[in-house]
Amino acid sequence: MSHKSPISNLFFFIFLFCLITFSVAGKHRSRRPCRHLVFYFHDILFNGHNAKNATSAIVGAPAGGNLTTLAGQNHFGNVVVFDDPITLDNNLHSPPVGRAQGFYFYDKKEIFTAWLGFSFVFNSTEHRGSLNFAGADPLMNKTRDISVVGGTGDFFMARGIATLSTDSFEGEVYFRLRTDIKLYECW
Amino acid sequence: MSHKSPISNLFFFIFLFCLITFSVAGKHRSRRPCRHLVFYFHDILFNGHNAKNATSAIVGAPAGGNLTTLAGQNHFGNVVVFDDPITLDNNLHSPPVGRAQGFYFYDKKEIFTAWLGFSFVFNSTEHRGSLNFAGADPLMNKTRDISVVGGTGDFFMARGIATLSTDSFEGEVYFRLRTDIKLYECW
Amino acid sequence: MSHKSPISNLFFFIFLFCLITFSVAGKHRSRRPCRHLVFYFHDILFNGHNAKNATSAIVGAPAGGNLTTLAGQNHFGNVVVFDDPITLDNNLHSPPVGRAQGFYFYDKKEIFTAWLGFSFVFNSTEHRGSLNFAGADPLMNKTRDISVVGGTGDFFMARGIATLSTDSFEGEVYFRLRTDIKLYECW
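Residue numbers (this note's numbering), protein chains in the order written: chain A, 534 to 720; chain B, 534 to 720; chain C, 534 to 720.
Derived from the structure by calculation, the hints contain no laboratory data.
Note that the structure is predicted; figures quoted are calculated from it, not measured.
Each hint should be verified, as a subset may be incorrect.
Since the list gives no way to pick out one identical chain from another, each pair is judged satisfied if it fits inside one copy or across any two copies.
Calculated pairs, SDA-like style, for lysine to any residue (alpha carbon to alpha carbon, straight line, at most 25 Å) [to be verified]:
(1) K642 <-> N624
(2) K642 <-> H660
(3) K642 <-> V706
(4) K675 <-> N656
(5) K642 <-> H626
(6) K675 <-> F702
(7) K675 <-> D687
(8) K585 <-> T699
(9) K642 <-> S657
(10) K675 <-> Y637
(11) K675 <-> V571
(12) K642 <-> Y707
(13) K585 <-> I644
(14) K642 <-> R709
(15) K715 <-> R568
(16) K642 <-> I577
Could you put the whole structure together from the sequences, leaning on the hints where they help?
Structure, rendered in structure tokens:
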């Protein structure tokens, strides 16, 4: 066999290559993001007097006898619909690159915690299309991971993880979320 | 080496093939749908008098002082739950192949725009199972893309894009959405 | 060619292997779960008197004139927000391994049927992270399939199907859902 050894080596190399290909494609997947983006979005809650500036409003609240019994406990059950500006930095007055549109609700009696379903709808020279998000937001934690469940346009069929952090808040009226988006499926 | 050239050529071909396999499986994905379906669904909003025919109802609205201040602005914050018939053509009275079940809410003060979370629950000889959808619906646009985030039964683990277009509407009571579904992940 | 047959055979084997690799990675996907988990979650609806024990509350209901006209029909339109304990067995008092947080609403006039959007937020020695779910829940059926649309932490980027079954219910106040989770995409 010794005179065939260059060919045998090459064979072995190809065989290994195929095995690696197979395992990469069929089983393991890369945890290195194929796309990384950071945005901020700004939520101004309607308080009855700021209809012009408000970007969100409470639309549901716990019913069943006394409306305030449960709602008084960390806003449990309050449902909020929002249409918030998205900016590239943490300045509310920066030119928005799109809108964060969706809803959240507070879902725990003991502490503040929320659940989010929303889209980033982009409308800028850099990005067109949308990203769709869903997940639990235990907002007392410094960072919270939610799922990027799909995308359209520039973000066709995207999947990934978005890490939320509360960049700032002012009482019950304003908060700003930093959104660190890592896509692991790009098309 | 010249006497080995047929083998070398074959080698080279296999090697190239593996490389292509690797890149296709690991990186690029086809933008050609593996399944294409078109349906219509029909929404009849409850107006207080049509309980028998209604397929949807407002279940939430902006709170905080004056309920009407924000709601007057393009229905901002109105949350609607629906159970709409799905048909194969644009006739409300065609035999339904399933039900579109979910919710939408209006989420912009300046223009009409909505956010949708719903399922197509099929129950026909042709299709069994469900498709689950989520995404922003800027309904003044002629077409809007939302995400197909999953499926069950005949649509096991499906992912894709659904393009919505308003096929017809009658005031505030009836609208019909054409839903052009392109699946890019089929199992 | 006869003197080259061992090499040719090997060639052929490698070629076949590549073809199989290609077809597995590019087209077909396994319907064998890469992970299988079973949990129970327990929902105690707020009835106006049980604020301490309640884990969920109605936050929306059909509006438009007479609030009761549609709501009387199988709770159509009732929106419920929940934060329910997750246990490994069917005992409400077992140590919870996490919380099921999200919302559901009843969406059919004729029979009981619901739509669910929620997360399993794990906090145990065995599991950290979250799973996100969405889908229709025709709850009069013995089993119902919904989509696992994403995950974080230990469930990074997961996708799959969850089969729900009503393990027990007590009138309008308590129900327990068995959740049989099969993941088909693991990272």
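Against the structure, the hints come out as follows:
1. K642 <-> N624: For K642 and N624, only the inter-copy Cα distance (22 Å) is at most 25 Å; the intra-copy one is 32 Å.
2. K642 <-> H660: Answer is between: at 23 Å across copies they meet the 25 Å cutoff, but 39 Å inside does not.
3. K642 <-> V706: Both ways: K642 and V706 sit 20 Å apart in one copy and 18 Å across, limit 25 Å.
4. K675 <-> N656: between (29 Å within a copy, 16 Å between copies)
5. K642 <-> H626: between (34 Å within a copy, 19 Å between copies)
6. K675 <-> F702: Within one copy, since 13 Å is at most 25 Å while 37 Å is not.
7. K675 <-> D687: between (30 Å within a copy, 19 Å between copies)
8. K585 <-> T699: within (24 Å within a copy, 29 Å between copies)
9. K642 <-> S657: between (40 Å within a copy, 20 Å between copies)
10. K675 <-> Y637: within (18 Å within a copy, 28 Å between copies)
11. K675 <-> V571: Answer is within; shortest intra-copy Cα gap is 16 Å, inter-copy 30 Å.
12. K642 <-> Y707: both (22 Å within a copy, 18 Å between copies)
13. K585 <-> I644: between (31 Å within a copy, 14 Å between copies)
14. K642 <-> R709: both (23 Å within a copy, 20 Å between copies)
15. K715 <-> R568: Close inside one copy (6 Å) and across copies (24 Å); limit 25 Å.
16. K642 <-> I577: Both, since 23 Å and 13 Å are each at most 25 Å.
Every hint, counting from the list given before, is met by this structure.
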